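Residue numbers (this note's numbering), protein chains in the order written: chain X, 30 to 489; chain V, 3 to 397.
Please keep in mind that the hints were generated in silico from the structure rather than gathered at the bench.
Keep in mind that this is a model prediction, so the values were computed, not measured.
Check the hints yourself; a few may be wrong.
[Said to hold, decoys possible] A partial selection of chain V residues facing chain X, derived with a Cβ cut-off under 7 Å:
| id | residue |
| --- | --- |
| 1 | Ser115 |
| 2 | Ser175 |
| 3 | Ser183 |
| 4 | Ala186 |
| 5 | Leu192 |
| 6 | Ala199 |
| 7 | Leu204 |
| 8 | His263 |
| 9 | Gly312 |
C-beta atoms are modelled at their ideal positions from N, C-alpha and C, and glycine is treated no differently.
Listed here are the chains, written in short residue letters.
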Amino acid sequence: MRFDPHFADMRFGFGLSPSVAPPVDAAALLDGLHAPDEIAQRFPVEPYQLFQARMVESQRLMKQIRKTRGTPENEIPTKARRLVQKDARQAMRQWLVQSMLRRAYTPDGFRERLVAFWADHFAARGKAGVMRRATSPYIEDAIRPFVAGRFSDLLQSAVMHPLMLHYLDQDRSVGPNSKRGKVSNGRRGLNENLAREVLELHTLGVGSAYTQDDVRQLAELFTGMSSKAPRGFKFRKDFVEPGSETVLGITYDDALKPAPIRAALEDLSVHPDTARHLARKLAVHFVSDQPPRDLVDHMTARYRETDGDMTSVYAALLEHPAAWQREGANMKTPAEFVGSALRALAPNPGPLQALKERQVQNLFFTPMAVMGQAWQRFDGPDGWPEEDDAWVTPAGVVGRVQWAMGAPRQMLETLPDPRAFVDTALGPYAADEVRFAAGAAESVPEAIGIVLMSPAFQRR
Amino acid sequence: MELTRRSLLALGCSAAASPLITPVALAAAPWDTRLVVIILRGGMDGLDVVQPYGDPDFSALRRTLSQGPSDGAIDLDGFFAMHQALADLAPMWRRGDLAFAHAVSTPYRDKRSHFDGQDMLEAGTEHVGGGVRDGWLNRLLQVVPGAAAETAYAIGLDSLPVLAGPAPVSNWSPQADLTISPQAMSLLELVSERDPALHAALAEAQMLDEDTGMQGASLQKQMNTIRQGAAGHIKIADFAAKRLRGAARIAAFSLNGWDTHRGQARGLSTALGRLSQTLLTLEAGLGPQVWGKTAVVAMTEFGRTARENGTRGTDHGTGGAMVMAGGAVRGGKVYGTWPGLAEADLFQRRDVMPTRDVRAFAGWIMRAATGLDASVLEGTVFPGMDLGTDPGLMP
Chain X
30 MRFDPHFADM RFGFGLSPSV APPVDAAALL DGLHAPDEIA QRFPVEPYQL
80 FQARMVESQR LMKQIRKTRG TPENEIPTKA RRLVQKDARQ AMRQWLVQSM
130 LRRAYTPDGF RERLVAFWAD HFAARGKAGV MRRATSPYIE DAIRPFVAGR
180 FSDLLQSAVM HPLMLHYLDQ DRSVGPNSKR GKVSNGRRGL NENLAREVLE
230 LHTLGVGSAY TQDDVRQLAE LFTGMSSKAP RGFKFRKDFV EPGSETVLGI
280 TYDDALKPAP IRAALEDLSV HPDTARHLAR KLAVHFVSDQ PPRDLVDHMT
330 ARYRETDGDM TSVYAALLEH PAAWQREGAN MKTPAEFVGS ALRALAPNPG
380 PLQALKERQV QNLFFTPMAV MGQAWQRFDG PDGWPEEDDA WVTPAGVVGR
430 VQWAMGAPRQ MLETLPDPRA FVDTALGPYA ADEVRFAAGA AESVPEAIGI
480 VLMSPAFQRR
Chain V
3 MELTRRSLLA LGCSAAASPL ITPVALAAAP WDTRLVVIIL RGGMDGLDVV
53 QPYGDPDFSA LRRTLSQGPS DGAIDLDGFF AMHQALADLA PMWRRGDLAF
103 AHAVSTPYRD KRSHFDGQDM LEAGTEHVGG GVRDGWLNRL LQVVPGAAAE
153 TAYAIGLDSL PVLAGPAPVS NWSPQADLTI SPQAMSLLEL VSERDPALHA
203 ALAEAQMLDE DTGMQGASLQ KQMNTIRQGA AGHIKIADFA AKRLRGAARI
253 AAFSLNGWDT HRGQARGLST ALGRLSQTLL TLEAGLGPQV WGKTAVVAMT
303 EFGRTARENG TRGTDHGTGG AMVMAGGAVR GGKVYGTWPG LAEADLFQRR
353 DVMPTRDVRA FAGWIMRAAT GLDASVLEGT VFPGMDLGTD PGLMP
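All chains, full assembly: derive it from the sequences and hints.
Written out as structure tokens, the structure reads:
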């Protein structure tokens with residue numbers, strides 16, 4: 030029960046690759062988080078900063094559509110806006126492929142796993158128009174650069190991001206006694222959605238010591254946070270509920286600027302309940318649905334000692350013997366399964382990047398939906414479930430089998446010899462029956478599928 | 003054991019004969035009434051679905067949302083009107099196959115979180131986390147004699163904690179389909195044998211796949227079918243009806259999209275449209291005879307704020323409404339005790355005051371369907387619930 034390079038790659042990365050060596054020790058895993066993010070440059074995803082140009086264009090065309098309504102000229106902006114939306118949709122397909130290629134070829138699998146983990150912790154998606162395609166750009170700007178720093182910075186970056194403000198209705202929340210609230214005659218009001226989720230999901234965790242009153246106070250404190258493309262975050266003084274607010278016993282003064290909001294998020298980030306909530310969630314994700322209490326305590330203590338320095342918390346995870354225990358290992362989520370399959374198969378990036386929208390749909394989107402995890406279409410701000418039960422369902426497993434047997438031959442010109450693929454994909458963890466089945470299958474695609482469906486590949 | 007092709011084939015055969023994989027001869031169903039439980043995820047606004055337009059305080063609370071028949075809602079009894087997106091269900095109401103209960107809730111109070119609210123709704127007790135890990139429908143199966151895996155189906159791609167637990171149940175999504183060679187199937191069984199959970203899921207899938215009737219369809223064709231599957235709820239209702247015509251007695255699935263913080267008029271219409279199509283598909287798929295002994299219960303984790311919010315929506319609240327349908331339900335009636343909507347009558351001056359436990363209605367339906375004793379319902383299925391007096395839901 031200590032560091033093992035192959036197992037480290039499976040548990041803390043996206044598994045074994047025929048072209049990228051596994052990490053040599055725990056320090057290498059952690060150092061990777063602070064190395065230049067080369068894989069992101071090699072497989073770029075549009076940052077939100079640029080994505081906003083699409084929103085501006087869509088809004089501009091919407092204005093023209095309104096202006097020309099009922100006239101023959103109306104058709105021109107209507108068509109143009111449809112194109113903008115289609116373009117964003119196609120771009121989103123490409124970002125899915127890029128995200129999977131990062132998983133396939135990165136030397137720092139731990140970083141990709143952490144990006145996915147925190148993107149799920151701060152799950153956010155757009156609800157209309159081109160905004161529905163904004164999740165990858167949001168992750169690129171608001172999550173990815175912050176996964177190895179202080180949790181406070183990550184929290185502020187995610188919670189104050191335009192997409193989160195939109196997703197949880199913060200940009201519509203108006204203090205009833207604010208300038209705007211007063212002239213709106215009661216038509217605009219407070220919305221508690223973001224405040225509630227920050228306490229319940231992002232920081233303290235459900236069942237901890239906050240009350241409905243804390244939610245309300247935090248919602249009042251949050252008033253003013255809004256956004257406007259292409260500049261991004263915008264603080265609207267006319268939305269701010271006047272007066273100071275008290276959240277969990279700490280009073281924040283009215284400042285008509287975001288500083289008190291940042292202060293409150295900082296305080297929430299170092300709260301003991303936040304430490305335990307995040308330590309446990311990380312342990313559940315990386316180790317087991319039922320993580321040993323000792324491991325969670327160890328990580329919680331490190332979190333509190335370092336005021337939420339995430340690299341230190343990850344170090345605490347990696348140095349604990351329980352992190353290397355294989356019993357009770359978790360099922361990969363569908364997106365992890367697909368990513369790790371690409372890593373083991375190592376398809377040429379070029380042809381995948383050139384796939385047409387419909388092909389990406391058939392190769393990735395639809396199969397992942399059948400597996401139970403439609404890409405970036407989580408039901409709520411709590412993201413995807415961690416429990417194995419959510420994934421090991423008959424329908425979900427069928428989705429995996431279909432993909433494992435059908436997709437590899439669409440991505441590779443020639444499939445590898447299944448007997449060799451057993452070693453590529455499973456390394457020292459190949460069981461006898463898998464080795465046997467890989468040689469006994471009727472066809473190569475079915476043999477590859479069987480290796481990908483073996484328990485040692487499905488769990489991590 | 004040294005594995006050879008011969009020993010494998012032998013293995014494959016014995017696996018195929020195992021009860022997990024071979025469809026079991028239809029066991030005598032433990033009871034005759036069909037129960038369909040629909041979890042409406044997101045918190046349905048009971049006040050907008052069943053609008054108390056006869057309440058003098060109603061119109062002041064709703065600025066832009068529907069205020070009853072004057073806005074197109076369908077009058078039910080001179081006091082309540084149902085949302086106009088349910089218009090297709092008007093004949094069902096007139097026939098007495100559709101009912102509502104108002105001002106109901108789980109015991110969940112104060113925090114108004116979807117995730118907690120749904121946990122409590124599906125666990126069926128307020129002691130979630132206190133050792134209770136199974137759902138109330140599963141506990142029902144644990145106490146009814148003669149229940150087998152095919153008695154109850156959890157349908158769809160969402161997980162359904164309400165049916166999860168030690169009693170065996172079947173899970174399926176009509177959107178999945180298994181089309182691989184028999185030999186690949188036995189090899190898959192072989193490699194997954196040391197992983198019981200994976201192995202069981204695979205075995206169950208194989209069994210279910212035999213009745214979904216899509217065998218032989220190419221992967222491409224299936225994918226296309228799924229792509230067109232915006233109408234997933236219709237497929238789910240269809241599949242449920244098919245199972246319930248046979249040995250199944252319980253079907254559970256969820257419908258999402260009720261969390262209407264803003265632009266509720268539009269969002270709620272979409273969600274109600276799906277609910278309406280689901281009920282009509284069930285009715286058609288079951289046929290008059292089986293529909294006649296069917297009770298559908300649609301319930302949500304909480305209601306929403308009585309007052310419309312600043313974004314033409316409503317926020318998480320407490321008391322809400324439940325929807326019941328089927329020939330076994332005494333319909334054409336809005337059940338429950340109406341608390342009124344004056345400021346002082348609201349829960350914490352913001353939400354509809356719950357006047358009865360939503361579990362009591364489900365409990366009385368289960369009692370009539372299965373003949374279970376009230377003490378079992380109050381002690382085991384819904385620990386800590388007071389069943390109260392019989393609302394007379396089932397004849």
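Consistency of the hints with the structure:
| no. | hint | verdict |
| --- | --- | --- |
| 1 | Ser115 | 5 Å, holds |
| 2 | Ser175 | 4 Å, holds |
| 3 | Ser183 | 6 Å, holds |
| 4 | Ala186 | 4 Å, holds |
| 5 | Leu192 | 5 Å, holds |
| 6 | Ala199 | 5 Å, holds |
| 7 | Leu204 | 6 Å, holds |
| 8 | His263 | 5 Å, holds |
| 9 | Gly312 | 3 Å, holds |
Hint violations for this structure: none, all hints satisfied.
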